[in-house]
Amino acid sequence: MTINLSISPRRTPAPPPGTIGIGQPEPVASPAFRENAKRQLQNTQMRKNLRHATTTIRNKRLLRVAEVPNWEEVRSAGAALKDRIGRHLDKYLAQAEENLTKAGAHVHWARDAEEANRIITGIVKSKGVDEVVKIKSMVTQEIEMNEALEAAGIAAWETDLAELIVQLGHDRPSHILVPAIHRNREEVREIFNKEMGQYGTPPPDKMSNDPPILAGAARRHLREKFLRAKVGISGSNMVICDTGTVCIVESEGNGRMCLTLPETLISVVGVEKVIPTFDDLEVFMKLLPRSSTAERMNPYTSMWTGTTDGDGPQELHVVFVDNGRTNALADPEGRSALRCIRCSACMNICPIFERVGGHAYGSVYPGPIGIILTPQMRGINSAIDKSLPYASTLCCACADACPVKIPIPDIIVHLRNKIADKKKHDMHPHLEPTVMVPVNWMFNSAKHFEFVQKAVSFAAGTALKNTDYLGPMPWPASPWTRARDIPAPPAESFRQWWKKNRGGRR
Amino acid sequence: MPPTVEFCPRFLTNRKIDLSLFLWSDQKSSDRSCSSLGEDAKLILKGVMALPVPAKGLRVALFATCINDLMFPSTPKAVVKLLERLGCIVDFPTEQTCCGQMFTNTGYFDAGLASVKTYVKAFEPYEYIVGPSGSCVGAIRHQSVMLAEKAGDTALAAKAAKCVEHSYDLSEFLVDVLGLVDVGAFFPHKVTYHPTCHSTRIAKVGERPYQLLRAVRGLDLIELPDASTCCGFGGTFSIKNPEVSAAMAADKARNVVSTGAEYVVTGDNACLMNIGGVLHRNNTGVRPIHLAEILAHQEGDAA
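Heads up: the protein sequence lines correspond to chains A and B, in order.
Position one of the first sequence corresponds to residue 1 (the numbering used here), numbered consecutively onward.
Position one of the second sequence corresponds to residue 1001 (the numbering used here), numbered consecutively onward.
Quick caveat, the hints were computed from the structure, so don't treat them as lab data.
Hints are supplied without guarantee of correctness; some may be wrong.
Cβ pair distances, simulated, as ranges [said to hold, decoys possible]:
#1 A:312 x B:1151: 55 to 61 Å
#2 B:1223 x A:312: 53 to 59 Å
#3 B:1282 x A:210: 39 to 45 Å
For lysine-lysine, the following DSS-like pairs were computed, each having C-alpha atoms within a straight-line distance of at most 30 Å [said to hold, decoys possible]:
#4 A:405 x A:386
#5 B:1204 x B:1077
#6 B:1240 x A:422
#7 A:454 x A:499
#8 B:1150 x A:447
#9 A:405 x A:102
#10 A:38 x A:424
#11 B:1240 x A:386
#12 B:1190 x B:1162
#13 A:424 x B:1150
#14 B:1240 x A:418
#15 A:500 x B:1081
#16 A:386 x A:48
#17 B:1121 x A:499
#18 A:454 x B:1150
Even for Gly, the Cβ is constructed at its ideal location relative to N, Cα and C.
Please construct the entire structure, taking both the sequences and the accompanying hints into account.
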């Protein structure tokens, strides 16, 4: 998708160049994770903000989870339900379409981002409007809907406070739940002062950086947009198949405004978001708020089934989007990533995410879930997508936190295997599989290992005789020894000692 | 002085334990059946309680792990010393090499499988396989069967599954099988314990290392801030993403130093090599030590 910016001035603040969306036809231009992470690590302010925010939220999550005596059971129920939905996705989607249509909604199907954007743009254009208000939604980020609408001359206004900060800041979200987690209140004040007035109601003079004051400025800025908008766009946390109901879970109430004030509502839904029955809501309504915002219950849960004459939107469109989800579904070892309910518990507990932030991942889905979801949806062809599954120490903290028990570390290892296999069969040789050959030789038989031990012991007993620790060394030891010393190998391995001291025995 | 014997109630109920072992250790493993516990068990237990050393004659296969074998031999030596002191007969099946996780976790399943084969070959005959590493034992438990199955080797998968059942991290073996928390160790130092990720979240050793450390005479155990956060090692992660790894290791080392401990202790030498490397580079004076070496240490041993 190419966007020609020269035709007319932009309606909304421009995001930084490049793409973090999923489903673009051309390969993603982002550098590999390591390069991104290196740059992000230098951002001291961001690291401080992230440490504070993630520590607070993950400690609170533990408290909220501990209050549920059967938490493990509820997690298992969530996982089992999501697995069933995946197994019978064809049936559930057909049922959802039938019941949504019966309730008065128009159902659309989009294979990829481009198709979804074409459908959405078409609906908005048919209403003769040049702006929409939208609820925070990951799927619209994923298909880069705002930019597609912008290219069609339609302004999409973010109404979630954090998304507004990101949009006004010419920035990108760095977290799926708290998109502006990398910004502190002083930065927010600066962004509001600089940008708000250019796109609508300006902030008050001499605004302080007090959060309620900042939120007040956002309220006033958004109010006119809510009242003016004829079209609202939402994502969806769940679509209930047996009733044809769409459900949104949110914290700020901006969603409620978007869902009730405009005449037309477009809900964009990932195909995996369907749930079989209304009763199944109880499982996810228990899992989601506690895992995401660490609340017992989120402030606003909205559900709508079709339209109601004279009340709320009079036209409802539901756009189901695949965009690579069925790629993941086709992989028996990778498909449980589709259980994800976008709570962000894995991000908040991830020690790597905490240090590098969401922007390092080059994807709308950062953190542990991002590194297994993005390469499955986007493929493992670009530099960034090939590097994502390696952005983990496999510490497994994410797997413990995940409310739907996604075995994130296992899927990471599975994807690494796919990438390694690809490297082995590539036309041009790679260093890593080549290095693995002698290292594998060293460990595939005890005789080989003993041989290497003898060589190491010889070096340790001669060249390294008076050395306890080795300091900075050239490549290939440089990545390790730039930051830390490494103990010198001993002159006698355990095996050699055993032979000497327990000689006769095995 | 013989070590204090302390049997926890779990000793009686743990299905993995065959009490007859304690008396007739030379019996073939196929002759022993865990389900035969009953009235006999009570009689046998009486006999065991009367023994001067808790694990008299119990044959144990030591899984040294490749990194300990080559780089940190003092750790498996300490395991030998400790287990022999507790009455075990320690074997070191020399066919062993590695658990294979270095390969598996980098994506090279075929190379990982080669290591699994050496593990099965070495340890198949044993009832008790003990390794001083939650990570390596965890890898065997969690990945060995998967690798064999992926390669379509059902016979190996079955053998690996059997080995998995008999593989223990040192702390699990001491607390669950021998029923000991006090192993008669003496270590008069301030230490802080880092619960390594794989020992807590894959091997799931839980409170056992803390229980063992608290029972060490003279030892002052200080709580480590942010203990459950990864140290940033992550195997090949530390080479593929060295900057993030170093940032994590620096935070871990800072937390270790903040405790004022003389030693940082873990049950995994790989993580310890990472944390200890940063501590050494920065001349902090805090020394890394493996849990096994503290537990093996007794009064009269050089510090």
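Item to complete: Run the structure past the numbered hints and jot down the numbers of the failing ones, going up.
Response: Checked against the structure, the hints that fail are numbers 9, 12, 18, while the rest are satisfied.
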